[in-house]
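Protein sequences, first through last, are from chains A and B. Quick note: to get this note's numbering, add 47 to the position in the first sequence (first position is 1). Quick note: to get this note's numbering, add 255 to the position in the second sequence (first position is 1).
Worth flagging that the hints you see were computed from the coordinates, not collected in a lab. Please read all numbers here as calculations on a predicted model, not as lab measurements. Idealized CB from N, CA, C, for every residue including glycine. Just so you know, not all the hints are guaranteed correct.
Stated by the list, open to error - With the Cβ distance kept under 8 Å, some of the chain A side facing chain B (calculated, not the full set):
(1) S170
(2) L179
(3) E182
(4) I183
(5) F206
(6) S208
To be verified - Covered stretches of chain B (chain A as the covering partner; in silico rule of three or more C-beta atoms under 8 Å from a C-beta of chain A):
(7) 674-682
(8) 953-960
To be verified - A short, non-exhaustive set of chain A residues, derived as facing chain B with CB atoms under 8 Å:
(9) R154
(10) R155
(11) F160
(12) E175
(13) I180
As a plain string of letters, each chain reads:
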Amino acid sequence: METAAPEIPILNSPPDQSAEEPQREPLFIARSLTKYYASGESQVRALDGVDVDLYRGELIVLLGASGSGKSTLLNILGGLDVPTSGSLSYNRMDLTTADEDQLTRFRRDSVGFIFQFYNLIPSLTAKENVELITEISRDPMMPEEALALVDLDDRMDHFPSQMSGGQQQRVAIARAIAKRPEVLLCDEPTGALDVKTGITVLEAIERVNLELGTLTVVITHNAVIADMADRVIHLSDGHIVNIETNRSRRPVRSLAW
Amino acid sequence: MLHPLDLKLIRDMGRMKGQMFAVGLVMACGLAMMIMSRSLILSLESTRDTYYIKHRFADLFCELKRAPNAVRERLAGIEGVAAVETRVKGKTTLDLPGLSEPADGIIHSIPEDRQQQLHLLYIRTGRLPELGSHNEVVVGEAFAVAHGFTPGDQIDATVYGARQRLKIVGIALSPEYVFESRPGETLPDNRRFGVFWMNERELATAFELDGAFNSVLVDVAPGANPVAVMAALDRELAPFGGLVAYGRKDHASANRLDDELRVLRGLSVAFPAVFLSIAAFMTSAVLTRLIRLQREQIAQLKAFGYSSRQVGFHYLKFAIVIVAIATVIGGGAGAWLGDNVVAVYHRFFRFPTLAFRVDWSMFGVAFAVSSTAAFLGVIGAVRQAVKLPPAEAMRPEPPAEYKPSVLERIGLAHLVGPSFRMALRNLERRPWQSFFTAFGLALATGIPIVPGAMRDGINYLLTFQWDVAQRQNVTLSLIEPSSASAISDIHSLPGVMKVEPFRSVPARLRYGHQSRRLGVMGLSREAFLNRLLDADSRPVQLPPEGLLVSAKLAEILGAKPGDTLLLEVQEGRRPVREAIIQGTITDYAGIAAYMEIGALQRLMREGNTISGAHLSVDTSRWDDFLARVKEAPRIASLNIKEAARASFKKSTGEMIGMITTIYFSFAIIVSFGVVYNSARIALSERSRDLATLRVIGFTHREVAAVLIGELAMLTLIALPAGLWIGSQLANGIIQTASTESVRLPLVLTSHAYGTAVLVVLSSASLSFALVSRRLHHLDLLGVLKARD
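All chains should be modelled from the sequences, with the hints used to inform the complete structure.
Printed below as a string of structure tokens:
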């Protein structure tokens, strides 16, 4: 995992996996997490006994084939779905027993989402899309500040239709981080983008992770992207088959695929 | 085996059942009304035609003073006459048990020495009077039913001044009394007016018309010119005091029935047209949305090799299925309603049988009309969908283009929050769709105004006619015109406080080619009781000379104030004079012409002759008054205002209540359907935005507010427009339903407007509640994963 690229300046130091991990308290603790979906007569086991701890400031990449359970795990972590069994706590709050209102509150206060298809509100400008969040958050940043973090301060008054896919995805990132979330969940953020644009989007995610210390979980098919992570979790058939810890993170701008 | 595309159709429809139901129901309302009214028309028309033919309703009618029976042969010899009936016909007053006021009737002769030619009676129960019998009568059904008379009962009557006890032997119907009421009266009063038939010889003796007749009925031969026959009749009968002959359009009962059919015909087009256009808009909105959602599926079908025509037809099938279901529901509902309404018609129009006949051909027409409407609504979206090359259609639609709304462009952006901004920009981005949604909502607001306006119109009419215009409590008619001495006789009746005599002269008013037969009414210029009013309920004073006519009569004749009418008097020496229309007055039932009583008497070259009087009677002496009137042989009829009002409320009021209830129920359905459908389409279009908002932490309530904000904005824009549309609709429909017999004023009260607003707001609240419930089930993940 050694690269020629310069080391990333570490503002919020990622966990030193070997030494510090046991002393730090995980943000998420998942135990025996399972999720079954009824599919006609049979059941699909989307998650089948997942145990994992996720820490503040980490950048995690979830790798796995289609149907491996990545998205299910991400959705459960983000309070978009509830597990069938097992336990999941966030910051000592039990997410498995939370009701709809508590999950909404959790999403509103603590989680930022980024999706493959941006999901911007087309009738709102970049700044207004971000304002949607800042209006309902407890301690948001200024929309301008969030957009500056993703280098879009010059596109603030553009509507989604007036921006490229990469720009739209960066607005989505700005929208997700404007509330200063503890967790940033990204489901295939570069899936709909070309390489060059994908890099700029990942750079923005990387910057947010480093500058704000946000626990960031990125789902991808693309193994190259795994190099930007602190830890890479490999999923298959609803199981975690391997958790790989990168000795050092590779800066996004040196990635290529 | 169903074709896979048809399976897709069924399943897609299953998913959209709420909207399909809403659209189908609105369409069904329009079709129900169409089928109900067309079937009623068919039932009434076919029943009428069969009845008129089978029971030989005459084509021409003529009254005269007295002609010897020998004249009958001369009349039969007139060219173009197929059959002649001569008879004795006269007024009678009745003293009925259980009725304190006198009632009156018309009594007709039945020939004994020859076969009856025209106006054959249909005997419901009992029999005809026996030859040579004494005082046996057959009585009209409506009157008999109102009093519960059966054969064997007896009635005390005054016939030509002589009191007689009449024995009822049968209950019958006649084609000349389908509408059994006093000639010229537009509302039936079956308790106080009856028709009777008696053997000719006995009746002739009673009226001092032995060997003579005073009424002629003529059947015109096919192909003959009725106008020529009428002229010949007039010539032949003039020496015998004949009045001018008239045809069916001047015949009270026939004209009243035709008026009803005219109203039904108008309503059978106007109301359904409005409903079906709304349904077409709704179908268009639903299917356009569906097609936009299925853009990729359409592309795939085309990639598989389906032709544009096949794909287009698949989507048109949605419309066809909705129309087919609506036709069945609407047809069933229309037939059921019609079956109920026809029973009410039977109270007004007496036929031997009035069976409800469903106009099956209308189902075909209904299906064709709604299919065409739905087709026109959908074809644009279908063509757009199949036009795209498959490869292009399979790519996601580019993001919708937005721009700052007008509010922001004029620098008021800071006034509104992001939700409001979203709503505003959405509305501006698709101005036509917004326009049509608002238009649909406006129609939904407007439609409930129509039944409200009808109800308010009736109430206004009643107050106008019975409280403002007529302040007498009794109108008394004499058996025949009498000298002024009658006035003092009337004055001396117990309890009479004020007497305003009137003179009524039967005449034909002619202007150009148009003419109408009516009684020209002579009133005092200082009338206090029976007042003439203008459209604003202000009293109008009679001019010293010339006529004041109903605005409707002026319209029928095509004349206006200042024009000179030809007034052909049909009584006495039958003078023909010119009279200038000095002005019009407002009235809502029948048509009338008024003159200053002195001017009318001068025109008739008679002294102080009167036909009757309007009276104000002290109600504390009511019983004495009625008792004396019952014994007065010269009084032909007594029209008591409160009795007429009560009778109206019971009969016509009930019928109008029924019709307005039907219209109002339909209006509520349409209103709800339109609002619900708009809400569902908005939900479908915004589901992605709404899901995004939910995911990023908006609460359910906050998200619902975004969706509802947009609809609420459209509803608020639509409300004032809807009130205006409603007033126009009400005006149009009231005009359509306005006839010579009854007209409704256009009265728009805050009550009707308020009800309409309430209906729309309730529909909106209910729709919003239903749609927000669906928001709960919004598949957050599914929506976000899908491409636009």
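Any of the earlier hints contradicted here, and which numbers? Checked against the structure, no hint fails, so every one of them is satisfied.
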